[in-house]
Amino acid sequence: MNTITFTLNGKAETYDGPSGTRLLDVLRDNFKLLGVKCGCNEGECGACSVIIDGKLANSCMVAMGSVHGSTVVTIEGYAVTERYAVLDKAYADVSAVQCGYCIPGMVLASECVLARNPHPTEEEIRDGISGNLCRCTGYNAIVHAITSAAEEGKGLW
Amino acid sequence: MNISKSVTKKDHPRKMNGEAKYVSDYPTDGVLCGRLLHSARARARIMNVQIPALPEGYLVVDKNDVPGENLVHIVMDDTPVYADQTVEYIGDPILMVVGPDENEVKRILSEIRVEYEDLTPVFDVRDPAAEIFFDYHYGKGDVESAFAQADKIYTEQFRTGRQEQAYLEPQGMIGEPHDGRITVHGSMQCPYYIYGAVARAMGFEASRVQIRQDTTGGGFGGKEAYPSILACQVAVAAYKAGKPVRVIFDRREDMEFTSKRHPSLSTYKVAVKDGRVTAMDIDVTFDGGAYTTLSAVVLQRGIICASGIYKVDNLKVHGRAVKTNTVPSGAFRGFGAPQTFFAVEMMMDHIAKDLRIDALAFKQAHIVRQGDATSTGGKYHFPVPIPEMIEEVDRASNFREKKKKYQMQTGRYRRGIGMSMVFHGAGFTGSGERDHIKAVVKLHKYPDSTVEILASNSDIGQGLKTTFSKIVAQELNIPMERVIIHNPDTDRVPDSGPTVASRSLMTVGELLRRASIDLLAGWVDGEDQIVEEHFKEPDFVIPFYLDKFQGDAYPTYAWSVSAIEVEVDTFTGLSNILGAWGSFDVGTPIDMNIVVGQMEGGFMQGIGYASIEQIDADSKGRIRNNSFSDYIIPTSMDVPDMHVIMHVEKYPLGPYGAKGAGEIPLVGAPGAYLEAMEQALEVNLNHIPFSAEDTMKVLREEAKR
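If you read the sequences in order, they're chains D and A.
Going by the numbering used here, the residue at position 99 of the first sequence is 485; the numbering climbs one at a time, nothing skipped.
Going by the numbering used here, the residue at position 456 of the second sequence is 1332; the numbering climbs one at a time, nothing skipped.
A portion of the hints provided could be inaccurate.
Pulled a few chain D residues facing chain A out of the computed Cβ check, cut under 7 Å [unchecked claim]: (1) GLY425; (2) ILE489; (3) TYR525.
What the hints contain is simulated information worked out from the structure, not anything from laboratory work.
Small disclaimer: the values here were computed from a predicted structure and weren't measured.
Cβ coordinates follow ideal geometry from the N, Cα and C atoms, glycine included.
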């Protein structure tokens, strides 16, 4: 079996298991990256979102084989960045975190919204996070947090 | 400091960066995986269970392994830990397979053969064979005379559907046997409910049981009673295995087999004389599902709210919770009230239309006032701010103007706007707080002048760690950082009751405030000090008697007026929500952001309940849409930027004037949504969820005319 190599949170990693294993399981079980949450295991809720080569992906829908040569960022890797600090403050200021289970995925979705467009409209924000379910907030606070992060994080995105 | 001023939530940093530890995040080394075998039949006798040869280290746990009573203590004790002679719904847990490897556990489960002898199931609450779990009657005035003298009598039936809580974190529990004790920790709202249930199922002295809440990814009522069942199953399994056992539900298992909001069927008969409602005769049926769980209390709240916020002097209410062979219904934000408030709001709307009176004006003419009697002969002790709130919502939404404008529409896109007004009785129904819960809290001051809150209420996302800490910090005049609060652990915290009914902040929060005052009075620097505070019923409350449904069912009420505007695409049947506005009185917000977040989140769940969330059992009793692919909850694209207005009527006995907040935004949404839909479609509607398919049915009828 060929070894799968990929970059995970800025570090070169290898994976020797079956190529059909879900990325979600490898991140949680092998790499102990427990900020990646499992909410449905079938690509609907977005709790397991990670960023693969700059794009948001449900890690439960990604087979390890397809990760070969890719760059994967989870909340653990993202949480040390300057951009995260801006989002962190923006989320905190409007208390956008309730139960927290959707949040690691939602934060990465927020990053992808801003990376695509540093000055998104409300509609673009809503569209960008529409693959990430949140049952607590009604999304208002999250949308407001991303809006204010866009204003505060000038030049970062 | 202004207590409403928002602070960074205590739990924010670790939830934001992914470090918060939920039950599925605990190390799995040395922990056995457990999975349940659920009944495949709605009602059957279990004749035989064939278990394949088990590999070493694997075991099967069933009713014969329960060391205490094979019953889960909830309100009544009819829910078995593991099925006994019969199964009563598709999903009823028969046994658990436990072992080191999850895939192997799944293989064993798939090879177990259960031989059933089918019995006739009941799926329809109207089936004469259906067992009645609970049957309540109450009333006041002279209903017969009022009907005899009426100008007109209106009769209409209303239906509401099941609703799944759909917390993002599925149910999960870990049991750990150690030193003759059993520890269970996991996702939960009510550690002491579980404590009592596990002690009973294990046949243990309570001191041999420890329950710890882990960071919990949402509950909304769905983690009020169900975790007691799962905890008993896990405790029994761990005890038999002599090793820790973890059960983490997958989404489909969680959606199909755990409790949901009660479906309801209500018939309203209303007498009108001289343009006013003079009497209501209301018949409410809740589908309880297979076991009683919380149905008694859900039904009580539902029927107490049946006449809405309106003054109805002659009232007759009959409510029953009926057994069907479907998944047990349970707690969900609003707890019986959304069903009847929806019905009464639509009823009032339909009567007004028939009388050719503006529905809002008609409702306004009937609103209760401070000092009026409640449906159960208690009293509205405090101001009823609904009239002002109606104006606030009208100003924000242009309700009256739009209501006039959206008439006789014929194009592809048609608009409508609706408004509903509701209360939510704050805290437990009736005398529960005084007679059963008897809440106790403690504050522990350490020599370094940090103060720890010891209470059994759990932060499940609603912000309780933050609001509790704010109250204590405010009263002691110390910074928030010096107030410590952990997830509750029954070894460390007293029983301050469950995390339900928005009682935590209003009732337990006030106990913490009073404890803080005591602590400050006796404060000695450098000393280790503990103060304790006990619940006392407020003096003004008219005692409630459940046998007669008489007295103050609630000490006070949260109020709301909400408006929703829709646009229906008559080509596709799809409707778009153009706006949602709400004025909410929950007393003083203990943290504005947190309360606004509750309003927005609850409002969204109410909109989902009214429109897209549908989860029915089929003709065999099976719930087929057990995933987020088929059970649709609102995404960020399905709800607008909700406009929330906080209207503050302080409750003198809540901390700084706070009342219950969690439920109210959900309760009012269905009435507002459906009134909007009926304006757009120019028909009377009487059931929720009202889906795109339902819209198409209406349009098809219209095309025939």
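Now the hints, each set against the structure:
Hint status for GLY425/D: holds, given a least beta-carbon distance of 5 Å to chain A, under 7 Å. Hint status for ILE489/D: holds, given a least beta-carbon distance of 5 Å to chain A, under 7 Å. Because the beta carbon of TYR525/D sits about 4 Å from the nearest beta carbon in chain A, less than 7 Å, this interface hint is met.
The earlier numbered hints are all upheld by this structure, with none contradicted.
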